[in-house]
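> This is what each chain is made of:
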Amino acid sequence: MDAIIQTEKLSHIYSAGTPFEHAALEEVDFAACRGEYLGIIGRTGSGKSTLIQHLNGLLKPTSGRVLFEGKDIWETKERTRQTRFQVGLVFQYPEYQLFEETVYKDIAFGPRNMKLDEHEVDRRVRDAAAFVGLPDAVLEKSPFELSGGQKRRVAIAGVIAMEPAVLILDEPTAGLDPVGVESILGNIRDYHRAKNATIILVSHSMEEVARSVDRLVVVSKGHIPFTGTPREVFAHGDELEAMGLGVPQVTRVFHRLRAMGVDIDPSVYTIGQARAAVRDYLARKGAV
Amino acid sequence: MALKDITLGQYFPGNTVIHRLDPRTKLLFTVLYIVALFSAKGGVAYAVLFAVLCASIAVSRIHPRNILRGMKPILFIIVLTAVLNIFYTPGDPIWQWKFLKITVEGLWAAFFMVLRISFLITCTFLLTYTTSPIMLTDGLERLLGPLKKLRVPVHELSMMMSIALRFIPTLIEETDKIMSAQKARGADFDTGNLFQKAKALVPLLVPLFISAFRRADELATAMECRCYHGGEGRTRLRQLRFQGSDIAALILGTALVALVLIFRALGI
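Line order of the protein sequences matches chains D and P.
Per this note's numbering, the very first residue in the first sequence carries number 1; after that it's consecutive.
Per this note's numbering, the very first residue in the second sequence carries number 1; after that it's consecutive.
Take these hints with a grain of salt, some might be off.
[What the hints assert, rightly or not] Mimicking EDC-like on lysine to aspartate or glutamate, the simulated pairs with C-alpha atoms at most 16 Å apart in a straight line are:
{"id": "1", "chain 1": "P", "residue 1": "177", "chain 2": "D", "residue 2": "171"}
{"id": "2", "chain 1": "P", "residue 1": "199", "chain 2": "P", "residue 2": "188"}
{"id": "3", "chain 1": "D", "residue 1": "77", "chain 2": "P", "residue 2": "190"}
{"id": "4", "chain 1": "P", "residue 1": "148", "chain 2": "P", "residue 2": "232"}
{"id": "5", "chain 1": "P", "residue 1": "199", "chain 2": "D", "residue 2": "100"}
{"id": "6", "chain 1": "D", "residue 1": "105", "chain 2": "D", "residue 2": "122"}
{"id": "7", "chain 1": "D", "residue 1": "60", "chain 2": "P", "residue 2": "232"}
{"id": "8", "chain 1": "P", "residue 1": "199", "chain 2": "D", "residue 2": "101"}
{"id": "9", "chain 1": "D", "residue 1": "221", "chain 2": "D", "residue 2": "21"}
{"id": "10", "chain 1": "D", "residue 1": "77", "chain 2": "P", "residue 2": "188"}
{"id": "11", "chain 1": "D", "residue 1": "9", "chain 2": "D", "residue 2": "72"}
{"id": "12", "chain 1": "D", "residue 1": "141", "chain 2": "D", "residue 2": "100"}
{"id": "13", "chain 1": "D", "residue 1": "115", "chain 2": "P", "residue 2": "232"}
{"id": "14", "chain 1": "P", "residue 1": "177", "chain 2": "D", "residue 2": "170"}
{"id": "15", "chain 1": "D", "residue 1": "285", "chain 2": "D", "residue 2": "263"}
For the record, the hints were derived by calculation from the structure and aren't laboratory data.
Just chain D, with the same shape it has in the complex (with noise of 0.2 Å):
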């Protein structure tokens, strides 16, 4: 598949040459693919954020290059404001950055900085706010009047709006409850779906990620030790245990259940995979 944005032998040193200089990363290589849904697993700290804000022109690299459809996004500062409009970052809790008297004018702030004309910023806002699973009564609204789930979900529709080729999402669900939690990211699934847009789920939690993703990659003191299928990463589940990230609950119980002396398959992440592994395991048994 081809790549449509990659990084090569990205490094970034934050306050270099002072005694505060930290490396955040060193020299990492990672691509998304068209129409990827992509994981981001990494803890506090990892270098997981400041990957992404590569990702979109935000920060600039030490040394090492950003590609996005194969061209270096600091070629030109056009280039690089117009990368921000093909790769939307959605931060974590982004309720905390909406500011317009309206949810409908402040989904509007990135289509009109776009110069997009007004019936196509009409367009896209309530495209988003759909997507979102905003209702139109909400759109007149004042963002403060509404709820903490609410404002997460203007606040990403205002990426959304955008129709950027490449969605990156950091936490989107920090805080929220698990039917919230459900719900948005039911959405991103939508949007994905329907725009066959790159995906990238920024996470520490393993059980959301593998739920979701086709790929992931694992971020650790500013290095990619893994990528793969969840399967192929969560076979590594004790090296990850090692790095502080845990696999899902499922996948432990499998590896400690293989530690025991069970020859069965330990790489299940989800509920369905386990009771196919533990059947096909009493059926091999059975047959003995």
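We have chain D; now place chain P onto it with these hints.
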């Protein structure tokens, strides 16, 4: 990341004699030093003041680079003062072009003025670099304690000051975050004329104010939950006590002022 590089009021932890001095001593010494600085007239007095400053920096183990970096923002003021002094001091002209003239007196005045401002800034930097903001406000509150009798709300003022200091880094970080988030939506803070630039700040300032008010609210609740009710009858975890070194420092400070006044009287 220019926002993060602000060093004003930054504290460099350490464990030198200067770091360990009572904050009241450091405040008083700084005041004495400034008094001496503004009484100084001749070269000898400035040399002594310079020596004291260098010795203090050496003892505090603060890298001179940090002090120079802190000077950068006020470089403009120093240059402006120097230029004004050079051209506007009456005396023997050594160079003249139309209404502009440079005098010998002007050059000397400019030279001493630059020294005076740099010493002043350096010694206050030394104070904030070696004293944590909490200690500083503690010291200030104790020093101004007597004003309580005049119904000056000293405790409240110092509490406000420590809270303000505490939230400077938080707000800088917050500004950075909101700026990034709005840039991700195509906000442009750098180009355009003054009016456009001011307008571009709205998406930054509105969320910033809202979050500052929210934080203030949360902090007030948290303080009330821990039964904060003002300074009345409040005791401290760290009691400030004068040590031998504090007395020595204060004697040194007083001696410095006396010395400078003697030099002034002698005219050297």
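> Enumerate the violated hints, using their earlier numbering and listing them in ascending order.
As far as the earlier hints go, 7 and 13 are violated by this structure, in ascending order.
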